Amino acid sequence: MREPLRQFLADNLPAEWRDANSGSLDDESIVHIRREWGRILHRGGWSAPTLATSVGGLGLTGPDLVAYLEEVVASGAPEVLNANAIGILAPVLAAFGSPEQCDRIIGPMLAHDLLWCQGFSEPDAGSDLARIRTRAVPVSGGWAVSGQKVWTSNALYADRCYVLVRTEAASDAHNGLGLMMLDMHQSGVEVRPLRNMAGTHEFCEVFLDQAFVDADDLIGEPGDGWRLTMFALEQERASMLGQRALRMARELNGAYELLGTAGVARVERELGRVHAAVRASEAAVRRNLDLISAGASPGVLTPVAKLQWSTAHQNLYDLVADGVGPDFFADERSRGWAMLMLFSRSETIYGGTSEIQRNLIARSLGLPSSR
Amino acid sequence: MTAIEQADDRALGEALAQALTDAPDTFDRASWRRLAESGWLHMLAGEGAEGPARELARQRTPMEQWGVALPAGPVLLNVAWLLPLVQITAADGIVDEVSSGRVYTASRHTSGATADPDLQAEVDGGTWRLSGSVRLVPWLPDADETFVTATTSDGRPLLAAVPTSGPGVRIQPSSTIDPGISVGDLELDQVPASVVIDADPAALETAAAIYSLALDAQAVGASGELLDQTVRYVSDRRQFGQPIGSFQAIKHRVADMLTATESARAMLWLAADQLAQQPLDPPWEEIDASRVFAGDAARKVAMEAIQCFGGMGFTWEQGLHLYYRRTLVAGSLLGDVEAAGRRLVRYGLSTTKERA
Chain A
77 MREPLRQFLA DNLPAEWRDA NSGSLDDESI VHIRREWGRI LHRGGWSAPT
127 LATSVGGLGL TGPDLVAYLE EVVASGAPEV LNANAIGILA PVLAAFGSPE
177 QCDRIIGPML AHDLLWCQGF SEPDAGSDLA RIRTRAVPVS GGWAVSGQKV
227 WTSNALYADR CYVLVRTEAA SDAHNGLGLM MLDMHQSGVE VRPLRNMAGT
277 HEFCEVFLDQ AFVDADDLIG EPGDGWRLTM FALEQERASM LGQRALRMAR
327 ELNGAYELLG TAGVARVERE LGRVHAAVRA SEAAVRRNLD LISAGASPGV
377 LTPVAKLQWS TAHQNLYDLV ADGVGPDFFA DERSRGWAML MLFSRSETIY
427 GGTSEIQRNL IARSLGLPSS R
Chain B
2 MTAIEQADDR ALGEALAQAL TDAPDTFDRA SWRRLAESGW LHMLAGEGAE
52 GPARELARQR TPMEQWGVAL PAGPVLLNVA WLLPLVQITA ADGIVDEVSS
102 GRVYTASRHT SGATADPDLQ AEVDGGTWRL SGSVRLVPWL PDADETFVTA
152 TTSDGRPLLA AVPTSGPGVR IQPSSTIDPG ISVGDLELDQ VPASVVIDAD
202 PAALETAAAI YSLALDAQAV GASGELLDQT VRYVSDRRQF GQPIGSFQAI
252 KHRVADMLTA TESARAMLWL AADQLAQQPL DPPWEEIDAS RVFAGDAARK
302 VAMEAIQCFG GMGFTWEQGL HLYYRRTLVA GSLLGDVEAA GRRLVRYGLS
352 TTKERA
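Protein chains in written order, with our numbering: chain A, 77 to 447; chain B, 2 to 357.
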């Protein structure tokens, strides 16, 4: 499988898209590249590596999945624009959705005919996601959804949103929640991009004012929302880490090139440790992939891997900046790196903050909750 | 590992834990002989030249167990360097000596597959005679013989064992802050080698790799044990009306201890699995990455454990300091973390030159 994939990537990935990231390109270009790449990958039969074959994915596990990730990372290919939905919503539909939903939704998602965003967090409900207040009121034929979502990546370009809502008026916390799929192109939906600290705009606020959701676009039953969301968040952690940890190992090579002999000498003592931490982060993720392919759940090793990767990645940028010295923030050549360094601050925040990861790990060790 | 291999691994780990209960903190001849006679020093023998690397990758739990029990004396040096080297080079004579309780140690350069810089060897009527000095030989005061690597007059390395007492031998014994690790400086004046091992560089590299990974297993085992003790303590100890483990400040330290331990464990066994697949060509980047990460992780976990135990952590009786001492000494004297880090950096730079 490795050879055909490598050949496909060599033949179909335009050179100027290699290692394209928000460090060096504007928002619109990035979105365009990631969407087009999503189309190309799908047409070539190479999208959705971990999604079940029954719903159009490649169903890869074990050494095949690792080989896939290694080849994609080595090619410098960008993440496809629908990566979030493919990694999270598609498995939720496969596990909890109806056959009709799977047929209708997954194909256009993989093909990048329809673009997706995720509506989970709200201004008053981030780490404490159960506190969401976006309300879905039953109306004829479906639901009317009102509320506000935040940190919604790529909402500006999205056609659809999978959104966590409260389906029961008097419910509290984990009860009475539902997971729905919303059409973004309707009058009750307003999207406002947010500027992040790195200066780009993928994050958005989404204001919902009686936006209509068809009854067929509720996943599972009203009240299933928390269970489905927990499943979704587990998928998110597992799917995000594979490529990112391997990509970090590739970045390490790039770091040595940028530093050169002089830069390396400046930070040698710490660089050995950062180098080791990058390889250990990769080892932790590989082990989790092995466990998943053996049908076992990595359990506590999932938050361990996320915490380890995000910390090591931030440390890598810190060290490269120190090693390169004053030119790092001024020179065009390292501008991309400096931007990625700014971006990396979000890595200990998204996908569950490091503090939440530590709480999860502690709970898994049996430590009592704080009260 | 298959399910059967996993079950074997666990059972072996428990058996070793049993064997090491009441192992003394400081070196003791009678205990050493009992350990030697038990056969545990031969645990990595396996079959043929590739046996030891394969056995290392298979015996995860027992190898980590050496870090839980902290036995005194050159245990891992025999388990993971000398006896694997003997197996790889088929230098069988030494095996019986070890089993009967003879204590062998090795200089740091020797267990790292390099030559001792101030040691020469000349052949005299069929006997090799060694002269010069070697600093900081671990366990020298406890050993009957020590392996060193001298340089011959035509510039070749000679791996040989010399007695630690007798004509021409002077040792300056010392201790380290770890009660199980003594150290000494060695001076030799025309001392005849009692054993010479004719080993090619690949064999020496493989033995050095297995030893480095064994030190990592010790580090990971120690980290895991400290984590277990800490979880129990912070779950029981109450202040301000609740177990101190319910406070986030403590919870988060413990979570960091687990993260470091499990990441080190993943790196170690990934490196060991790779070595098992290519035993005669050790994957040095992975092995050095493992040394740095496991060595650092063990040190940090020990520091955090002491912190979580509060005042009790600082007492002699609690015993956490024994692990802290072991990680400090093992990470510098036995498997130098700083040196491994420098090698990693050289490796990283070399990959850029290749592409350029």
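One thing to keep in mind: the hints can contain errors.
[What the hints assert, rightly or not] Pairs of lysine to any residue, SDA-like flavour, derived with a Cα cap of 25 Å:
(1) B:LYS354 - A:THR337
(2) B:LYS301 - A:ALA150
(3) B:LYS354 - A:GLU431
(4) B:LYS301 - A:GLU431
(5) B:LYS354 - A:ALA86
(6) B:LYS301 - B:LYS354
(7) B:LYS301 - B:ARG233
(8) B:LYS354 - A:ARG409
(9) B:LYS301 - A:ARG409
(10) B:LYS301 - B:VAL124
(11) B:LYS301 - A:ARG421
(12) B:LYS354 - A:VAL340
(13) B:LYS354 - A:ASP403
(14) B:LYS354 - A:ALA150
(15) B:LYS354 - A:VAL376
(16) B:LYS354 - A:ARG421
Keep in mind the hints are simulated off the structure, nothing from the lab. Quick caveat, the model's predicted, so the values are computed rather than measured.
Comparing the hints with the structure gives:
1. Simply put, B:LYS354 and A:THR337 have alpha-carbon atoms about 10 Å apart, close enough for the 25 Å limit, and the pair holds.
2. Taking the CA atoms of B:LYS301 and A:ALA150, the gap is about 33 Å. The hint is violated against a cut of 25 Å.
3. Between B:LYS354 and A:GLU431 the alpha-carbon distance is near 40 Å, which puts this suggested pair outside the 25 Å criterion.
4. Proximity of B:LYS301 to A:GLU431 is assessed by CA-CA distance (about 19 Å); at most 25 Å being required, the pair is judged to hold.
5. Restraint check: the Cα-Cα separation between B:LYS354 and A:ALA86 comes to about 24 Å, which is no more than 25 Å; the hinted pair holds.
6. Pair hint B:LYS301 plus B:LYS354 does not hold up; C-alpha atoms about 34 Å apart against a cutoff of 25 Å.
7. Annotation: proposed proximity of B:LYS301 to B:ARG233 holds, straight-line Cα distance about 19 Å (limit 25 Å).
8. Our distance criterion of 25 Å between C-alpha atoms is met by B:LYS354 and A:ARG409, whose separation comes to about 19 Å.
9. Between the alpha carbons of B:LYS301 and A:ARG409 the distance comes to roughly 36 Å, so the proposed pair goes past 25 Å and is violated.
10. Pair hint B:LYS301 plus B:VAL124 does not hold up; C-alpha atoms about 48 Å apart against a cutoff of 25 Å.
11. For the hint pairing B:LYS301 with A:ARG421, the CA-to-CA distance comes to about 24 Å; that is within 25 Å, so the pair holds.
12. A hinted pair counts as satisfied when its Cα atoms are at most 25 Å apart, and B:LYS354 with A:VAL340 qualifies at roughly 13 Å.
13. For the suggested pair B:LYS354 and A:ASP403, the alpha carbons sit about 22 Å apart, so the restraint of at most 25 Å is met.
14. Distance check on the hinted pair: B:LYS354 and A:ALA150 sit about 18 Å apart at the alpha-carbon level, within 25 Å; holds.
15. A C-alpha spacing of about 40 Å is found between B:LYS354 and A:VAL376, which places the hinted pair above 25 Å, so the restraint is violated.
16. Distance hint between B:LYS354 and A:ARG421 is unfulfilled; the C-alpha atoms sit about 31 Å from each other, more than 25 Å.
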